[in-house]
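*Asks:* So the sequence lines, in the order shown, correspond to chains D and A.
Start counting the first sequence at 1; every next residue gets the next number (the UniProt record's numbering).
Start counting the second sequence at 1; every next residue gets the next number (the UniProt record's numbering).
Source of the hints: derived by calculation from the structure; they are not laboratory data.
Note that the coordinates shown come from a computational prediction; the quantities given were computed from them, not determined experimentally.
Among the clues, some could well be false.
[To be verified] Simulated coverage check for chain A against chain D, where a stretch passes if three residues somewhere in it have a Cβ under 8 Å from a Cβ of chain D:
{"no.": "1", "segment": "84-90"}
{"no.": "2", "segment": "171-183"}
{"no.": "3", "segment": "198-211"}
{"no.": "4", "segment": "231-243"}
Glycine is no exception: its CB is placed at the ideal position from the N, C-alpha and C atoms.
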Amino acid sequence: GQTQKMNLFQSITSALDNALAKDPSAVIFGEDVAFGGVFRCTVGLRDKYGKDRVFNTPLCEQGIVGFAIGVAVAGATAIAEIQFADYIFPAFDQIVNEAAKYRYRSGDLFNCGNLTIRAPWGCVGHGALYHSQSPEAFFAHCPGIKVVIPRSPLQAKGLLLSCIEDKNPCIFFEPKILYRAAVEQVPVEPYNIPLSQAEVLQTGSDVTLVAWGTQVHVIKEVAAMAQEKLGVSCEVIDLRTILPWDTETVCK
Amino acid sequence: MRKMLLAALSRVLQGPAAAAGRTASRVVVASRNYADFANEATFEIKTCDLHRLEEGPPTTALMTREEGLHYYKTMQTIRRMELKSDQLYKQKIIRGFCHLYDGQEACCVGLEAAIKPTDHVITAYRAHGFTYARGVPVREILAELTGRKGGCVKGKGGSMHMYTKNFYGGNGIVGAQVPLGAGIALACKYFGKNEVCLTLYGDGAANQGQIFETYNMAALWKLPCIFICENNRYGMGTSVERAAASTDYYKRGDFIPGLRVSTRWPVYCLKRLLVFTGWDRVKLQTLCVIFPLPKGPILMELQTYRYHGHSMSDPGISYRTREEIQEVRSKSDPITLLKDRMVNNNLASIEELKEIDVAVRKEIEEAAQFATTDPEPPLEELGNHIYYNEPPFEVRGPNQWIRYKSVS
Chain D
1 GQTQKMNLFQ SITSALDNAL AKDPSAVIFG EDVAFGGVFR CTVGLRDKYG
51 KDRVFNTPLC EQGIVGFAIG VAVAGATAIA EIQFADYIFP AFDQIVNEAA
101 KYRYRSGDLF NCGNLTIRAP WGCVGHGALY HSQSPEAFFA HCPGIKVVIP
151 RSPLQAKGLL LSCIEDKNPC IFFEPKILYR AAVEQVPVEP YNIPLSQAEV
201 LQTGSDVTLV AWGTQVHVIK EVAAMAQEKL GVSCEVIDLR TILPWDTETV
251 CK
Chain A
1 MRKMLLAALS RVLQGPAAAA GRTASRVVVA SRNYADFANE ATFEIKTCDL
51 HRLEEGPPTT ALMTREEGLH YYKTMQTIRR MELKSDQLYK QKIIRGFCHL
101 YDGQEACCVG LEAAIKPTDH VITAYRAHGF TYARGVPVRE ILAELTGRKG
151 GCVKGKGGSM HMYTKNFYGG NGIVGAQVPL GAGIALACKY FGKNEVCLTL
201 YGDGAANQGQ IFETYNMAAL WKLPCIFICE NNRYGMGTSV ERAAASTDYY
251 KRGDFIPGLR VSTRWPVYCL KRLLVFTGWD RVKLQTLCVI FPLPKGPILM
301 ELQTYRYHGH SMSDPGISYR TREEIQEVRS KSDPITLLKD RMVNNNLASI
351 EELKEIDVAV RKEIEEAAQF ATTDPEPPLE ELGNHIYYNE PPFEVRGPNQ
401 WIRYKSVS
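Same shape as in the complex, but just chain A (with noise of 0.2 Å):
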């Protein structure tokens, strides 16, 4: 169970405008109303390890048959994604790097139905998830993967660096993107709009020094900037054991409290967790009363599990073992996790979820027929976007007789 929602008493305390908003953002799913279908179901969730902090979110969650479908059909859109992708680099169509998300969908679909669109989120590499939440097209993921004009940074950002409003990458250096998303957090409070930044990491990138300078400043000046590492407990080809003195990653953060959601558990919607720091605007007036935390950061650790290796020149087992992988795809999966919910709790039926399952696998067709398709961008705007407002200059290609124009 890696994925289930609340919603209880955010759904009904949410204004109109927000659930407009998040239904405007949401895939649409036709909304049959089968006599025999429940409508919602509640699941119990266990209580998560914390760290100075004196209660706990809830531990029940509420999820509608409408929630369900959509975080349904976007971890299954993820998951094919990135098998495609993982299919496209061995026929070297994509190249240079990819790091596929696979197994992991649960925390950025978690994520995402937590926060707002105008809310902001920065993470590492293996954001091609992140990209898809929020909001980019398959086919312009998948295009910016194989380097065409039609990919989402125009084919000159590739796999590592996708962007989208209100999402900031997508970043190749380790722990870099952690003091941004500080940054991030201050200009959102600087501007007053009331809007969070979640800042992502791995297991690998906790053992940097500059995101225990960000924890610092962001304690300081409580900043609305909500830490979350990613624990897929391997760092690259190390695991967490060998890789850090303590593997309680939630703590590390110090002064900043933190949380853990353990594998065996279902990622938590972020909602509860917003509304817990209060963060969470909406609630802010009704729910601080029942949850009065000081507001300032908070540190959450998912402990999540990737299929692939680090990245496509990384088998993956030489450092694990192929029964570990198989036990985790066996008995953790989030997508057969919920499915098993959603039809044990009768949300939905197999052959529903089937339906869902044979659409994401015509939309990836067709994204991936569009990214094979597309043109590449034209040679001449290799230089450009070097500099800003600047006249054209040249640019030095590969050996001294290329030159580039570089336009602004």
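For reference, chain D alone in the conformation it holds in the complex (with noise of 0.2 Å):
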């Protein structure tokens, strides 16, 4: 369909008016999301949807994810932003102990599937400590879950709908690297593409380079510096969801 020029930030929008439009019961909350989040990715949402379906909360990303774990388990759609993965911390156990088991532990009486948590996710060059990591690693062995990482505004936008549509807690990083430093035409329109489906990037016969988020970017380059130097030919895959992972494309 139409498609517009986005960087990553603007698609994470578009994405997310799309799911507040199609979905009533779908609301978004966070730190500082009203005005649009300190990364921009909710301007215009509040004053499009109204005050009850985009809102703040207080600086508490326990309380946050708890809360948002009630909200889906009550059978609304929620988006709940932690403003850096780095803070996720706080909500570990919540997100572990209670999102993840919930649809387990009752029998399947009881789900939390509507929940999406958003994070900006990994390194920007100047984050420090505390601005800068991946913590996709301690989520990856959590039966229970999706983690979904994208490299791109097009990507992002699929996959982010994907997440939200997904009856199964999902968590989702967005490298705010890119936020602004990938731009792309986008689809206006809603599109979903799979979770725990990897992408081949490119084919190759000697060895598979597995990526995701940012570092696909940066293994394409490899790839191609390895073909030129080495002569090696490699097979680049982005993994995308990291938990369900893709294995048989990986293993293939």
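Since each chain sits alone in its own frame, please combine them into the complex, following the hints.
*Replies:* In structure tokens, the structure reads:
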């Protein structure tokens, strides 16, 4: 359909816009999301959808995620924002012990599948200890949740919409260094990219390189360099969903 | 009037050892005894809001000329240091994060004056003022900001992670320092050295869960932990009314007694409070009769204001008006108020204070010069101090081909 030039944060805004339009029970909340968010991912949404659907929370990550789980269990679609992935640790217990295990421990009577947690992720050059972390590994061994990391605006919008619609709690990490740096033509209408499916960006026969998020771009360069300087043919795979990951594509 | 110092009873009763300790840690102020200067003055102070306390601290405070000059110089140094940091940041000599403290100087100076160098302080990331108050010279603070090896943490900490003896930083994660403060207080109690720990946090952090967990432990175990909420009305960009169900942060401790020092009121010297809680060991014998409070934690809310935005990437005017900032600057600036009070009560002359200003500016310029010319820490040291006493191991750098050696 019709596409528009968007960078990563604009594609996120577009995805959230589509989600709120399609699902009347969808709510977005987090620290400072009302005015647009510290990375402008939620700009304009409060004006468009109202202050009872896009609202700020106080400074309490554990509370935000716990609250989000409750919203999801009750049936509304909860899109919670943790301001930086580095701050997700107070909420670690809620995610691992509550969100991930809800469906299992209630024998499918209850679930918080309507939950999506978004967080800016990864190094940015000046972030130092607490604005640069990539904590996906901590969550990668927790059955019950899904962890997704896009590499570009086009991927981000499709993957985020899939996360929101997926009936499992999802954590969506957004590479903050790409918020402005990555620009693509992104469809304005909603579209989905399936979760748990890796994408082969470049075929090759000698070695497989697997990456996600910002590193995908580095790895592509590496593959080109390897081909040119070492004559090695590399297969480049973007994992996209870290958990549950596409073992088939990678191992093939 | 943001900063008034009491001292009457305290000074009289304070033992010679304590006084000597304090003088030693103080900057030497030229002891000019002009015949026409008063030596001290008493100031009236408004009563403060109390929670679970039957009587508040006394309503008068005595400040000596010497103390006043010291406070003035310290606050002015911090103010100029923060403004210099702002300048260096805009010149891209300081990178990363920088949370400036100008406007709030009264808090750290007042608190530092009340405690001993052997007491402990822990605060959040807006820590440059405390770092200076706790004894780190300006050049080491600025060198740390510019990431040079002359910095107080060898250039590896930066703005948010400055430490010195009995000052535990400098913490990035909001609210995470509060349980640590209680732990330090427990250690104080355990070692029986009669020290206290000031545990500071902001109005935004006051909504974090771990703070309430800490209140409980501190009260349960009667820890010598003094919680101080520096309420500068905005948690980054969110005003307190929009973030907190109750903006009476001094009451948040519930079972912990609390008091609020308002902006229109001088920031109270903790000395008074220490006496109050019974933690002041010097006066315990004499004053616990007057203020027979059981020992335990206490919560103090300081209403203050920051002129800069939350950090250097925040202009600070999207969530508040320039008029508001101007109004606070003109009516409640701590340095101006102290200056007015000292001059009006004949404790100092305008010229004398101007001379201090000049001396401070010079000190800051020299420190900035050092901070911009000192070399950066050598690259080989990048991976050091991850562990302690472990054999050296390799640390991966930003790509697989760069390795650093980590030496403990």
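*Asks:* If a hint holds in the structure, say so; if it doesn't, say that too.
*Replies:* Evaluation of the provided hints:
Proximity of the segment 84-90 of chain A to chain D, defined as three or more residues with a beta carbon under 8 Å from a beta carbon of that chain, is not established by the 0 residues found. Residues of the segment 171-183 of chain A with a Cβ under 8 Å from some Cβ of chain D number 4, which satisfies the need for three, so the listed coverage holds. Residues of the segment 198-211 of chain A lying with their CB closer than 8 Å to a CB of chain D number 6, which satisfies the three-residue condition for coverage. Only residues whose beta carbon comes within less than 8 Å of a beta carbon in chain D count, and the segment 231-243 of chain A has 6; three or more means the coverage holds.
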